[in-house]
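Asks: Based on the hints, put chain L in the right spot on chain F.
Which chain is which? The protein sequence lines are F and L, in order. The C-terminal residue of the first sequence carries number 157 in my numbering, and the numbering is unbroken. The C-terminal residue of the second sequence carries number 326 in my numbering, and the numbering is unbroken.
In short, the hints are calculated from the structure, not lab data. Treat the numbers as computed from the prediction; the structure is a model and nothing was measured. Cβ coordinates follow ideal geometry from the N, Cα and C atoms, glycine included. One should not assume that every hint holds.
As a list, the in silico EDC-like pairs of lysine to aspartate or glutamate whose alpha-carbon atoms are at most 20 Å apart [what the hints assert, rightly or not]:
no.: 1; chain 1: F; residue 1: K13; chain 2: L; residue 2: E255
no.: 2; chain 1: L; residue 1: K279; chain 2: L; residue 2: D261
no.: 3; chain 1: F; residue 1: K10; chain 2: F; residue 2: D22
no.: 4; chain 1: F; residue 1: K13; chain 2: L; residue 2: D256
no.: 5; chain 1: F; residue 1: K42; chain 2: F; residue 2: D24
no.: 6; chain 1: L; residue 1: K293; chain 2: F; residue 2: D22
Derived contacts from chain F toward chain L, CB cut-off under 8 Å, selection only [as the list claims (entries may be wrong)]:
no.: 7; residue: A3
no.: 8; residue: R7
no.: 9; residue: P61
no.: 10; residue: P65
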Amino acid sequence: MQASRARLFKEYKEVHKEKAVDPDIQLVCDDSNIYKWTALIKGPSETPYEGGVFQLAFSIPEQYPLLPPQVRFLTKIFHPNVHFKTGEICLDILKNAWSPAWTLQSVCRAIIALMAHPEPDSPLNCDSGNLLRSGDVRGYRSMARMYTRLAAMPKKG
Amino acid sequence: MGSDDGSHAAMSRDIGRRKRTNRSAKLKQCKLDARREQWLSQVKSKDCVVRSRTPSDSPPLPHPTLSKELGRRPKEEEEEEEEEHRDEVGRDGSSFHGSEEGSPTHRSPLPGCPNNRISSGSSFGSSSRSISDAEVEEDDSEEKGEDKGEVEDWEAFADALSADQPNPNPVATIPESTAAPGNTITDRGEGLEKPDAKQAVHRAWRQDDAFRPRSLPNLSKQRSFPASMERHYAAAGWAQHGILSTPSSCPICYEDLDPTDSSFLPCNCGFRLCLFCHKRILEVDGRCPGCRKHYAPVAGGEVGTARGMPPSALRLSRSCSMSSRA
Chain F
1 MQASRARLFK EYKEVHKEKA VDPDIQLVCD DSNIYKWTAL IKGPSETPYE
51 GGVFQLAFSI PEQYPLLPPQ VRFLTKIFHP NVHFKTGEIC LDILKNAWSP
101 AWTLQSVCRA IIALMAHPEP DSPLNCDSGN LLRSGDVRGY RSMARMYTRL
151 AAMPKKG
Chain L
1 MGSDDGSHAA MSRDIGRRKR TNRSAKLKQC KLDARREQWL SQVKSKDCVV
51 RSRTPSDSPP LPHPTLSKEL GRRPKEEEEE EEEEHRDEVG RDGSSFHGSE
101 EGSPTHRSPL PGCPNNRISS GSSFGSSSRS ISDAEVEEDD SEEKGEDKGE
151 VEDWEAFADA LSADQPNPNP VATIPESTAA PGNTITDRGE GLEKPDAKQA
201 VHRAWRQDDA FRPRSLPNLS KQRSFPASME RHYAAAGWAQ HGILSTPSSC
251 PICYEDLDPT DSSFLPCNCG FRLCLFCHKR ILEVDGRCPG CRKHYAPVAG
301 GEVGTARGMP PSALRLSRSC SMSSRA
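Isolated chain F (complex conformation) (with noise of 0.2 Å):
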């Protein structure tokens, strides 16, 4: 569909200009295809996730903006609202509160401020969201520190 090729084409004309005044996110087209994006978010300050680099891979269906785009991380991360093992994300408005008016850039910062603010109710990696559930925010905390460090920080040495 040429509508959602043109909505990307100016998308990526807006992330270019808007680089600078937003450092926590970077978006990247892929070099062949525009419907395949990657972004590279930094975890929020005063979470587990301060620190980390995470990257995202974005799908953009033909019908976008009318649909959303598909995102998971491609980075590991402890989160209840993200699956462990394949990256997806549990995010209302990646789903039925999506909205045509959101953008790739306004989608990565939905990411950052789930990541600050975590919802167990609705987990998909079960041990994180039972963890918060229980109360155990230290023990959340803790592992999803661990994780960040292991999978979103450059080694060590």
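Replies: Here is chain L on its own, set in the frame of chain F:
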């Protein structure tokens, strides 16, 4: 001669009428002419001194074509024109009698507005904006027979003039009395030879003037709509001015909103989008991208407007004002 007189008189009456309706356009012309005059005097001053055959007391005419025209014109015709001119002046109201009356012949340029003189005497070529390129060429070929020497210069002129034309300045500051005499002559000269072209051009000008401040590009589009539709859009356009945050491009497809789109408010939340995207959304899930509510029932029938059935101008403007408050 007698019959000629009659027809000419009728012509001049016609012209007089036209002139009155087009006065504002004339003011603009005058200003343009002033600019052109500046330019001409820089480039062509030497040329004209030699060629002008006008009385010696008049300043040199800075346009070769004009002087040539003057020289070529038969005496008889001049007399006729003189007559008509008086006739017209009398009819047209006394706004510009003063200096013009005193001059022995209306061809002697007024010091007050030499630029008008330039555009006036010759019916084609220098009188500029009413002459299309085709006409200019035609004129050119006509003159080639007479004297080759000037043709090149003249062509350069014509090009420069026509290049000058497309920027009309809407602010007219030159007083009417200054503009009038020369333009009278312009009218007459062209009325004799190219009445149709002149009229058409002037109508276009006038329309421009009247509508330029508003949504000019949209006009033809609105015209093609039924009357009720027109009213509806007018109301929407009016309401739209109250909203500061009107996006310039559709937030869905990022294409620029045209005036129809930007006056289109499908949802009470005030979220704007282009008609195209709105239609596509209706086909898919029918929810407003701004508030994620369903369009049709919640929005109170405003979807109907999108389908070409305006409920009423009143309702739309009400919804607009609501969103401006929000």
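Asks: Starting from the hint list further up, note which numbers the structure goes against and sort them upward.
Replies: Hint check: 6, 9 fail, others pass.
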